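A.B. asks: In case you want the letters, here they are:
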Amino acid sequence: MDGVGIAIAGSAMAAFLAGIGSAIGIGIVGQQAAGVLSEDPEKFGSLFILVVLPGTQGFYGFLASMLAMGKITPNLTMIDGWRILFACLPIAIAGFVSAIHQGKVCAAGANLVAKRADQAMKGVMYAVMVETYAVLGLIITIFLLAKV
Amino acid sequence: MNQTVEFKPDLKYTYATGRIRVLETKLLSSSKVEKMINSRSISDVLIYLEDTAYDDTVGEMKDPGKYGEFVKIERLISFDLMERLILDPDVKHLFRIPYDFHNLKVLLKRRLSEVATSIVLSDFGTIPAEVMKTAFETDNFHLLPEFMREVIGQALAQHYLKKNLKSMEFLIDNLEYNHLLFLSKKTNIPFLVTYVKIKIDLTNISTFLRIKYFNTKDNVEEALIEGGNLQLRFFLQLISESPESLPSFFSNNPYLYLIEEGVRKIIEDGSFSIFDKESENYIMNYMKLSRYVTFGIEPIVAYFVSREQDLNIIKMILVGKLNEIPTEEIRQRIPITFN
Chain A
18 MDGVGIAIAG SAMAAFLAGI GSAIGIGIVG QQAAGVLSED PEKFGSLFIL VVLPGTQGFY
78 GFLASMLAMG KITPNLTMID GWRILFACLP IAIAGFVSAI HQGKVCAAGA NLVAKRADQA
138 MKGVMYAVMV ETYAVLGLII TIFLLAKV
Chain B
9 MNQTVEFKPD LKYTYATGRI RVLETKLLSS SKVEKMINSR SISDVLIYLE DTAYDDTVGE
69 MKDPGKYGEF VKIERLISFD LMERLILDPD VKHLFRIPYD FHNLKVLLKR RLSEVATSIV
129 LSDFGTIPAE VMKTAFETDN FHLLPEFMRE VIGQALAQHY LKKNLKSMEF LIDNLEYNHL
189 LFLSKKTNIP FLVTYVKIKI DLTNISTFLR IKYFNTKDNV EEALIEGGNL QLRFFLQLIS
249 ESPESLPSFF SNNPYLYLIE EGVRKIIEDG SFSIFDKESE NYIMNYMKLS RYVTFGIEPI
309 VAYFVSREQD LNIIKMILVG KLNEIPTEEI RQRIPITFN
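If you read the protein sequences in the order shown, they are chains A and B. The working numbering puts the first residue of the first sequence at 18, with every later residue one more than the last. The working numbering puts the first residue of the second sequence at 9, with every later residue one more than the last.
Bear in mind the hints are in silico, worked out from the structure with no lab data behind them. Careful: at least some of the hints might be erroneous.
[To be verified] In silico DSBU-like links for lysine-lysine, alpha-carbon gap of 35 Å or less:
no., chain 1, residue 1, chain 2, residue 2
1, B, Lys174, B, Lys205
2, B, Lys40, A, Lys132
3, A, Lys132, B, Lys225
4, A, Lys132, B, Lys193
5, A, Lys60, B, Lys40
6, B, Lys194, A, Lys132
7, B, Lys20, B, Lys74
8, B, Lys220, B, Lys70
The model shown is predicted, which means the values in this text are computed figures rather than measured ones.
All chains, full assembly: derive it from the sequences and hints.
C.D. replies: As structure tokens, then:
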């Protein structure tokens, strides 16, 4: 495999690992929110933000993937290819893991909304705590790509 | 409540848990129960049931004296919801099988006793009541599942051996709880296994206290059920102990409070009302542990048990008001609610 192939693998990993994590995370909280809505449809607004939160990692992965693609040139060396791949790993792994856990925290938040809709923002705040680590992963990926 | 239990998150139940969390808000709250107890009339009691899970059925209740019908309809709703939300058939059976055993005891008593029993069969079991009735009328027990045939065989053998209906009933209770314990272990859900073990312990403590205080001639070893957290030998060593000293033997187990409170009242006036209430409270406190589960079967089971508790509370208050029992006396017998 040449440098281009390795860099493409890194770019793809950022997009699909973070994307898979987001899909799983939204799947968890989405089902829980659907359960709440089946009994109380008026809570849609309070639940919406909780359901979309685990989706952000997928976007971070997409952004990192685009930045990595911008670094790929036809004569990329193998060393630079590996550099791009490793630069993509922080958001790929942090995005994958944090999105799943954020989905679980959001599901707990959906339970909170089920009982106390006025407390929805507290549930969102806890979910945002998990988001921090995906953001850190994205920042590191951006800085590392800037060094290539 | 010192009971601890391991929870197993189960993503299969994310939708169901979300739904249950909303439904839980419509269960009776302690403040609502208090208002119901303090109501001056039955119609006031029914007003407090508006905006609860029982709103629709109460609205259709023409005569409060027919609370039995109300409970039956609400129980149907509970089982219907359980059928739709719980995916594991063993869990559903766990809550239906006690009704099979109830029907079995009624039919066996009708057959073996010379006194006609007026207790009606229940439709909530896993075996339709009509099928059980036909099986007994025609002696065609092949209509029944294998486990039930085995129970009938053992129960009849016990009756012919001991010539004692009570002894047969004890055996049936033993077989029932053994079957429930087997089913709960099969589900591999620690919350359910512990629940069945608690039920066994509470039944054993209740049986033991009743035998001891009413001085019945029942054989303690025969009456107690195996499989609970408290071993049979533990109860046997208490046979000769004085009533006042009993709580000290429970100092290292989670039932201490209900034994202390229950025994105090039993010594005072021979009433088991506080013991029975504290037993219900113990189970409800155990169910409240399901609040810490984000997704899993536990909240659904807890909702089902809490709904049953609510129905019992409504029934007790309605019966109390219909019979003009003093408010304080009703209050003393009412167990806690989930909310």
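A.B. asks: For each hint, tell me whether it holds in the structure or not.
C.D. replies: For each hint, the structure was consulted:
1. Taken as a hint, the Lys174/B and Lys205/B pair is honoured in the structure, with Cα atoms around 23 Å apart against an allowance of 35 Å.
2. Straight-line distance between C-alpha atoms of Lys40/B and Lys132/A comes to about 17 Å, which keeps the hinted pair within the 35 Å bound.
3. A threshold of 35 Å between alpha carbons decides the hint, and for Lys132/A with Lys225/B the separation of about 51 Å lies outside it, so the pair is violated.
4. With a C-alpha separation of about 32 Å, the suggested pair Lys132/A and Lys193/B falls inside the 35 Å cut-off, and the hint holds.
5. Restraint check for Lys60/A and Lys40/B: satisfied, since their Cα atoms lie roughly 24 Å apart, inside the 35 Å limit.
6. For the given pair, Lys194/B sits about 33 Å from Lys132/A by alpha-carbon distance, which is consistent with the 35 Å threshold.
7. For the hint linking Lys20/B to Lys74/B, the alpha-carbon distance of about 39 Å lies beyond 35 Å, and the restraint is violated.
8. Of the pairs offered as hints, the one joining Lys220/B and Lys70/B is violated, with about 44 Å between alpha carbons and a cut-off of 35 Å exceeded.
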